[in-house]
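Peer 1: I would like the entire structure built from these sequences, with the hints used as guidance.
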Amino acid sequence: MTAVQTISLVLVAAAGTVVVALEDVQRQALASSVFGLSLAILFFSFQAPDVALSQIAVGGVALPAMILLTISKVRRRERAEAEAPSESDDE
Amino acid sequence: MTRGGRLAIFAVGATGLAALLAWGFAGLPDFGTFDGRMGELISSIAVPERHATNVVTAVTLDFRGFDTLGEEFILFAAAVGVLALLRLARSEETVAADPDEMTPTAGSRSVARVSAALAGPAAVLAIYVILHGHLTPGGGFQGGVVLAAALLLVYLAGATIRHGRIKPINAMELGEGVGAAGFVAIAIGGLIFAASFLENFLPLGVSGDLLSAGTYMPLYIAVGLEVAGAVLVILGELLDQALLTSEEDGE
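Protein sequence lines, in the order shown, are assigned to chains A and V. Following the working numbering, the numbering of the first sequence begins with 1 at its first residue and continues without gaps. Following the working numbering, the numbering of the second sequence begins with 92 at its first residue and continues without gaps.
Just so you know, these hints were derived from the structure itself, not from any lab. Check the hints yourself; a few may be wrong.
Ranges of calculated distance between the beta carbons of each label pair, as one might list FRET restraints [said to hold, decoys possible]:
(1) F288(V) with A82(A): 52 to 62 Å
(2) A82(A) with S201(V): 27 to 37 Å
(3) Q47(A) with L176(V): 31 to 41 Å
(4) R79(A) with G118(V): 49 to 59 Å
(5) A13(A) with G268(V): 38 to 48 Å
(6) G96(V) with Q47(A): 40 to 50 Å
(7) D158(V) with R27(A): 31 to 41 Å
(8) V10(A) with P120(V): 56 to 66 Å
(9) A13(A) with V275(V): 39 to 49 Å
(10) Q47(A) with T106(V): 28 to 38 Å
(11) P294(V) with R27(A): 49 to 59 Å
(12) P294(V) with E23(A): 57 to 67 Å
Per the computed footprint, the stretches of chain V lying under chain A, defined by three or more beta-carbons under 8 Å from a beta-carbon of chain A, are [stated by the list, open to error]:
(13) 225-233
(14) 238-248
(15) 316-329
Backbone N, C-alpha and C define an ideal beta-carbon position, used for all residues, glycine too.
Peer 2: Okay, here's the thing in structure tokens:
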């Protein structure tokens, strides 16, 4: 195992642990982007550039963006329901 | 159940899992050993038989092309599902948002400038990655997601200029549909012009040329359109809701 492979394995383990350990979901989403990028480095160092490319785009950008948008949507709805409980809890 | 009881059950499960993992890892082949006869075979025939220098592409679009078709439609179905659910939710939406909440997406001028500067290069990179999928690492999936990211950058750059609808959601849906249908059409082309579904019926050309490896480039263009469309439809639906509420507040 080369030094780059060892370092990237450690990096993935550390980034993954950080994602799990963070309390705030918004921070978790951002940390998961860093985790995604470190996974891409791992794939690249193990000679899988095709997978690394998709991992950069999906794990680094698309997935965190979707999570962040979903969080903001859920929070907005929760806040609105807390402010006006009579209007929007027919379901 | 008491805390102690739960911990005892967890301890049994965790010990069992640890033991199974240790057993499994102990039986793994040594690091770096490769025992894939199929891999050796495909590596040796991909260039002479298919003229594709990126063997991964030969595998995904040819040797297991039917699985790729399935993967494409998984994504297609996911996007359609999100679309259906979120549109249903929107018609019922009576929620008014806090106007301050929208400022992070639209408020930062430096975000807009960096996005505007990066959008063009990202789009060029996406087109490169899609068109060179049969030659170098990359292809429709990777390029499609990069293309979606490039269009999102356009959106981010435009959001400060106008709180608006730069996002042509119909074009995204069209791209998604055309991509999914295009893949199937090319696959059926194999039935018509050659012997079987998904068979490579276009001239293979010279290995390493941009126009080589037959149907791989058109297939990847279809995949790229489908993936970019699906990702944008999903993100766009989520964003559209955010935008709708911000527009209502602005007035």
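Peer 1: Hints first: check each against the structure and report whether it holds.
Peer 2: Do the hints match the structure? See the list:
1. F288(V) with A82(A): 52 to 62 Å: For F288(V) and A82(A) the Cβ distance comes to about 55 Å; the hint holds.
2. A82(A) with S201(V): 27 to 37 Å: Given range 27 to 37 Å: holds, Cβ gap about 33 Å.
3. Q47(A) with L176(V): 31 to 41 Å: holds (40 Å)
4. R79(A) with G118(V): 49 to 59 Å: About 52 Å separates the Cβ atoms of R79(A) and G118(V), which means 49 to 59 Å holds.
5. A13(A) with G268(V): 38 to 48 Å: holds (41 Å)
6. G96(V) with Q47(A): 40 to 50 Å: About 48 Å separates the Cβ atoms of G96(V) and Q47(A), which means 40 to 50 Å holds.
7. D158(V) with R27(A): 31 to 41 Å: holds (36 Å)
8. V10(A) with P120(V): 56 to 66 Å: violated (22 Å)
9. A13(A) with V275(V): 39 to 49 Å: holds (42 Å)
10. Q47(A) with T106(V): 28 to 38 Å: Holds, since Q47(A) and T106(V) (Cβ atoms, about 36 Å apart) stay within the stated range.
11. P294(V) with R27(A): 49 to 59 Å: holds (53 Å)
12. P294(V) with E23(A): 57 to 67 Å: Taking Cβ atoms as reference, P294(V) and E23(A) lie about 58 Å apart, which means the hint holds.
13. 225-233: It holds, with 5 qualifying residues against the three required.
14. 238-248: holds (count 3)
15. 316-329: holds (count 4)
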